[in-house]
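Engineer: In the order they appear, the protein sequences are chains A, B and C.
Residue 1374 is where the first sequence starts when you use our numbering, and the numbers rise one by one after that.
Residue 1374 is where the second sequence starts when you use our numbering, and the numbers rise one by one after that.
Residue 1374 is where the third sequence starts when you use our numbering, and the numbers rise one by one after that.
A few of these clues could be false.
Copies of the same chain are indistinguishable here, so a pair counts whether it falls within one copy or spans any two.
As the list claims (entries may be wrong) - With a straight-line cut-off of 30 Å between C-alpha atoms, the simulated DSSO-like cross-links for lysine-lysine are: (1) K1400 <-> K1461; (2) K1453 <-> K1384; (3) K1453 <-> K1463.
These are computed hints drawn from the structure, not numbers from a lab.
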Amino acid sequence: MAHPPEENLLKSGLILPPPPKPAGVYKPLLQVDNLIYVSGHGPVLEDGTLIKGKVGYEITVEAAKVAARQTGLTILATLKSNLGSLDKIKRVIKVFGMVNSTLNFEEHPFVINGCSELFAEIWGNENGVGVRSAVGMGSLPGNIPVEIEAVFELA
Amino acid sequence: MAHPPEENLLKSGLILPPPPKPAGVYKPLLQVDNLIYVSGHGPVLEDGTLIKGKVGYEITVEAAKVAARQTGLTILATLKSNLGSLDKIKRVIKVFGMVNSTLNFEEHPFVINGCSELFAEIWGNENGVGVRSAVGMGSLPGNIPVEIEAVFELA
Amino acid sequence: MAHPPEENLLKSGLILPPPPKPAGVYKPLLQVDNLIYVSGHGPVLEDGTLIKGKVGYEITVEAAKVAARQTGLTILATLKSNLGSLDKIKRVIKVFGMVNSTLNFEEHPFVINGCSELFAEIWGNENGVGVRSAVGMGSLPGNIPVEIEAVFELA
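Please build the complete structure, drawing on both the sequences and the hints.
Structural biologist: In structure tokens form, the structure reads like this:
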């Protein structure tokens, strides 16, 4: 039987970063019916700073995958901070993974798996995996390597 | 008490551009249940022409913010033209703000605030502010500096 | 009177490619209420390989439009494979068309029309046409020229 997300988070030993304050005129998340729309998030570290660097130029593909995982943790922090508990979320609907990469970069799915594998650890291989696009941007705010927006369904 | 969107628009003295005809095989907007999905819009001026130029190369970040505001006005024109009145819209759900910028550009949130601040003027600081991503594209149609797609909720 | 999508597909003589297996941790599609969310798809050929090349650099705008049409066929293959029949889909809600193009490319709507015209052939000019953005990415997975994600409504 599946374990609740909060129990999986506890067992993982993962530490969530502080939920970021919006960097502009938007809300971190918003509810419409039984869906939670989450704004684009970057990789916030435990000290509140952001991982930076263009993938394939300033940081490696492996470091970018770590950044995608950290972006996933940042989304978890926003969910937990706003909803009180990850157990309020039943499943992942959609992940839109944006990689700030060089123009000949080809490994976007590998990078964004850093976030997707985290969500699968928390919500399981069925409910933790939704639809996804993993694509390459020309640039991202503050030169972060990864920005991810997502949609979740409430329990 | 909050004023209706149309009253806020009137008070603002802002003039909406002509609603653009689709530049391809798509609808300007579409209703699903109580949501209005809006296609990607560019910055249409009152004479029907588009603001052009890559941000950080052909136009400044300040000019790009003005272009994002003009893109917001263009979305308002599409909403009003298709729904009859902005009062039909209760709140902003989502803004996806795309900036056609140089590869080292970092100020996407500042640029897209041009649109977000407009929506907050029209629908207020609570209902006019939704979730958002503000990101950098490699290129945009016709070399427009900003393209924005959005989702709104009907009243 | 409108013909069913499967009848239109049959009459068209078009051959669907094999539905692609996910290239990462995601589902090809997912249902939420009466909506089908489809993951980003690339242009899969009948032999299972992908069309490749950056638009305006390695492939022409005309070849890119063909790739967008092939991407549309790939989405149809995923829909049919997972739902059993295209007749299960009532209408196209949204197409997000991403073009892997040079930084001065401007013809994204022309390219993505390759997919949109296909959907209009299958579901008709009203139900087959939804909202859309057609934009330029810095890069795409495996250097595919086009990636498209979409939302459909069930019949």
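Engineer: Against this structure, judge whether each hint is valid.
Structural biologist: Right, here's what the structure says about each hint:
For the identical chains of this complex, K1400 and K1461 are neighbours both inside a copy (19 Å) and across copies (22 Å), given an alpha-carbon limit of 30 Å. Only within a single protomer do K1453 and K1384 lie at most 30 Å apart by alpha-carbon distance; the minimum there is 16 Å, versus 40 Å between protomers. For the identical chains of this complex, K1453 and K1463 are neighbours both inside a copy (13 Å) and across copies (27 Å), given an alpha-carbon limit of 30 Å.
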